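A.B. asks: Taken in sequence, the protein lines are chains A and B.
With the first letter of the first sequence counted as 1, position 161 gets the number 161 in our numbering; the numbers rise by one all the way through.
With the first letter of the second sequence counted as 1, position 256 gets the number 256 in our numbering; the numbers rise by one all the way through.
Please keep in mind that the hints were generated in silico from the structure rather than gathered at the bench.
In this text the structure is predicted, and so the values were computed from the model without any measurement.
Fair warning: there could be bad hints in the mix.
Claimed, not checked - Only pairs whose alpha carbons sit at most 25 angstroms apart, straight line, appear in this in silico PhoX-like list of lysine-lysine:
no.: 1; chain 1: A; residue 1: Lys101; chain 2: B; residue 2: Lys148
no.: 2; chain 1: B; residue 1: Lys146; chain 2: B; residue 2: Lys209
no.: 3; chain 1: B; residue 1: Lys209; chain 2: B; residue 2: Lys148
no.: 4; chain 1: B; residue 1: Lys27; chain 2: B; residue 2: Lys6
no.: 5; chain 1: B; residue 1: Lys6; chain 2: B; residue 2: Lys116
no.: 6; chain 1: B; residue 1: Lys146; chain 2: A; residue 2: Lys101
no.: 7; chain 1: B; residue 1: Lys81; chain 2: A; residue 2: Lys101
no.: 8; chain 1: B; residue 1: Lys81; chain 2: B; residue 2: Lys46
no.: 9; chain 1: B; residue 1: Lys46; chain 2: B; residue 2: Lys27
Claimed, not checked - Using C-beta positions, here's what the derived DEER-type ranges look like:
no.: 10; chain 1: A; residue 1: Glu29; chain 2: B; residue 2: Ser98; range: 29 to 37 angstroms
no.: 11; chain 1: B; residue 1: Ile221; chain 2: A; residue 2: Leu112; range: 51 to 59 angstroms
no.: 12; chain 1: B; residue 1: Asp222; chain 2: A; residue 2: Asp9; range: 26 to 34 angstroms
no.: 13; chain 1: B; residue 1: Ile221; chain 2: A; residue 2: Asp69; range: 48 to 56 angstroms
no.: 14; chain 1: B; residue 1: Arg240; chain 2: A; residue 2: Glu29; range: 20 to 28 angstroms
no.: 15; chain 1: A; residue 1: Ala99; chain 2: B; residue 2: Val196; range: 33 to 41 angstroms
no.: 16; chain 1: A; residue 1: Thr186; chain 2: B; residue 2: Ser98; range: 16 to 24 angstroms
Glycine included, C-beta positions come from ideal geometry on N, C-alpha and C.
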Amino acid sequence: MSTEHPRLDEEEVLYAFSVEPRHDRATLEHYLNQYPEHALALVDCSIELMMDASHSGDEVQVSSDQVVDQAWRQFQAAMASAQGTAAVNNPFAQLQPTAFKSMARRLDVSNLFLIRVRERAIDAATVPRRFVQQLAAELGATADAVSAYLRSPPTMASSLSFRSNVKPEVTAQIPFDQAVETSQLTPAQKEALQALRD
Amino acid sequence: MPAALKRKEKDGTPYRRPPAIQAWIEKLEVVDRASRLPQFDGASRKHPGYVPTEVVIHFFRQAWIDGEQGQFEQIFRVLLKRVEQSLRSTIWNSRIGSATDIRDEIISRFVVLVTKDCTSQADLLDFYEIHFDQAMVALRTSVLRKFKTIAGDVTTVSLGSQEPDGPEVSPEVEVALEAFLSGDPQKIDDPAFRSVFFAAIDRLPQGQKQVIGLLLQGVPIDAKEKNVMTIARILQCDERTVRNRRDRACQALKAILEKEAEL
Chain A
1 MSTEHPRLDE EEVLYAFSVE PRHDRATLEH YLNQYPEHAL ALVDCSIELM MDASHSGDEV
61 QVSSDQVVDQ AWRQFQAAMA SAQGTAAVNN PFAQLQPTAF KSMARRLDVS NLFLIRVRER
121 AIDAATVPRR FVQQLAAELG ATADAVSAYL RSPPTMASSL SFRSNVKPEV TAQIPFDQAV
181 ETSQLTPAQK EALQALRD
Chain B
1 MPAALKRKEK DGTPYRRPPA IQAWIEKLEV VDRASRLPQF DGASRKHPGY VPTEVVIHFF
61 RQAWIDGEQG QFEQIFRVLL KRVEQSLRST IWNSRIGSAT DIRDEIISRF VVLVTKDCTS
121 QADLLDFYEI HFDQAMVALR TSVLRKFKTI AGDVTTVSLG SQEPDGPEVS PEVEVALEAF
181 LSGDPQKIDD PAFRSVFFAA IDRLPQGQKQ VIGLLLQGVP IDAKEKNVMT IARILQCDER
241 TVRNRRDRAC QALKAILEKE AEL
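Chain A with its partners taken away, still in its complex shape (with noise of 0.2 angstroms):
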């Protein structure tokens, strides 16, 4: 450890923190003193590392394809957004999933619901142009962008520099209608969809 204090983020600081060969009250007092700015981030860390040892010889061999998939999608959408190959930038990129499902929840529609419309599983001109606004809304773009978007053609990496070795699927169009009867929507909410029919 040196004495030398160039300014660090907090998530910088934490990371040097947690690759520390030990965490000792010694090491704690020198990162506290070398930043106090990140002092309650550094304590609650040092919390977590100490009980992280605990769980250190835990073995949890369950994980779940789709939350790899939806990583290696998101992966895909970010490379394609900091390279500025995709043909139409997909408003969707950047959200994280949280944010994801508190859009669905706000838009009063099922998560499969949106996740269809992200993928372009539905066939965008029979989308409702009021839906298309709501959507537009959540998101921060224009609905122009969002038709856009839409438009294009739902192929996941036809317009990227790095492809999968896996053969891309495309995802079969359905009409919008077809959509909000087979995603798991509730009545009033198939309702509201279709009242925004154009």
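Take the given structure of chain A and dock chain B to it, following the hints.
C.D. replies: Frame of chain A, contents of chain B only:
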């Protein structure tokens, strides 16, 4: 010989991988890619052939640098499975959010780190090549703090009074606390007790958890010497407030542990 890490310590010296990790990487560097990949997947952590995640991350980053796209995706999937598994034993439902939401957020933040690494915007994955589990704790801490900021401090244990800094409790409680925290140091070394004890601490309101956590790390509540780091100074509150939080935490912990003992 694997490439050195890019991240530097405060004095400018590059971070180094632990010798055991370095040795694993050197051992697997000479293995052809097709034979190496199956070694990353499937084995139990306790199996002698289990490849540490730090090593998996090294070859994951190397696959990106080498343009080995198929390898990259396959290792990505192995890595994300390990990330998710590491969270399943440490994140549970609480009032700050469901375990699923918190896990999703942590995984999403990890993917952002990977993206930044691939686009050379940041080198934080270096920390995961040094000590994966501990770097995950740092990430988890950061995300939990964010959730707590949104939800506010929460109490998951009935304490009678919910006033965090109310009047002091009786001296008997203090005596019991001292006995509890320092009277039987060997008990805290018992893995079964420690697991239950830490789970109970995790259910405390944040202020009480911080006090107990710091006490367990040997930080004094208060001191006359101005150069001594104390809990009161770290948390920037009055010494009486610290004692109150400690006493209330003690009451809550005792209640939880007594209940556990009955089961």
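A.B. asks: Now tell me if each hint is right for this structure.
C.D. replies: Structure-based check of all given hints:
1. A hinted pair counts as satisfied when its Cα atoms are at most 25 angstroms apart, and A:Lys101 with B:Lys148 qualifies at roughly 19 angstroms.
2. A distance of roughly 17 angstroms separates the Cα atoms of B:Lys146 and B:Lys209; the hinted pair therefore holds under the 25 angstroms criterion.
3. Our distance criterion of 25 angstroms between C-alpha atoms is met by B:Lys209 and B:Lys148, whose separation comes to about 13 angstroms.
4. The straight-line distance between the Cα atoms of B:Lys27 and B:Lys6 is roughly 21 angstroms, inside the 25 angstroms bound, and the hint therefore holds.
5. Annotation: proposed proximity of B:Lys6 to B:Lys116 holds, straight-line Cα distance about 14 angstroms (limit 25 angstroms).
6. Using a Cα cut-off of 25 angstroms, the hinted pair B:Lys146 and A:Lys101 holds, with the two alpha carbons roughly 17 angstroms apart.
7. Among the hinted pairs, B:Lys81 with A:Lys101 is consistent with the structure: their alpha-carbon atoms are about 22 angstroms apart, no more than 25 angstroms.
8. Taking the CA atoms of B:Lys81 and B:Lys46, the gap is about 17 angstroms. The hint holds against a cut of 25 angstroms.
9. For a cut-off of 25 angstroms, the pair hint linking B:Lys46 to B:Lys27 stands: about 19 angstroms separates their Cα positions.
10. Between A:Glu29 and B:Ser98 the beta carbon distance is about 36 angstroms. The supplied range of 29 to 37 angstroms therefore holds.
11. With their beta carbons about 53 angstroms apart, B:Ile221 and A:Leu112 fall inside the hinted range of 51 to 59 angstroms.
12. Take B:Asp222 and A:Asp9: their Cβ atoms lie about 31 angstroms apart, and the range 26 to 34 angstroms holds.
13. Checked against the hint of 48 to 56 angstroms, the C-beta distance between B:Ile221 and A:Asp69 comes to roughly 50 angstroms, which is consistent with it.
14. Under the hint 20 to 28 angstroms, the C-beta atoms of B:Arg240 and A:Glu29, about 23 angstroms apart, fit the expected range.
15. Separated by about 35 angstroms at the C-beta atoms, A:Ala99 and B:Val196 satisfy the suggested range of 33 to 41 angstroms.
16. At about 21 angstroms, the CB distance of A:Thr186 to B:Ser98 agrees with the hint of 16 to 24 angstroms.
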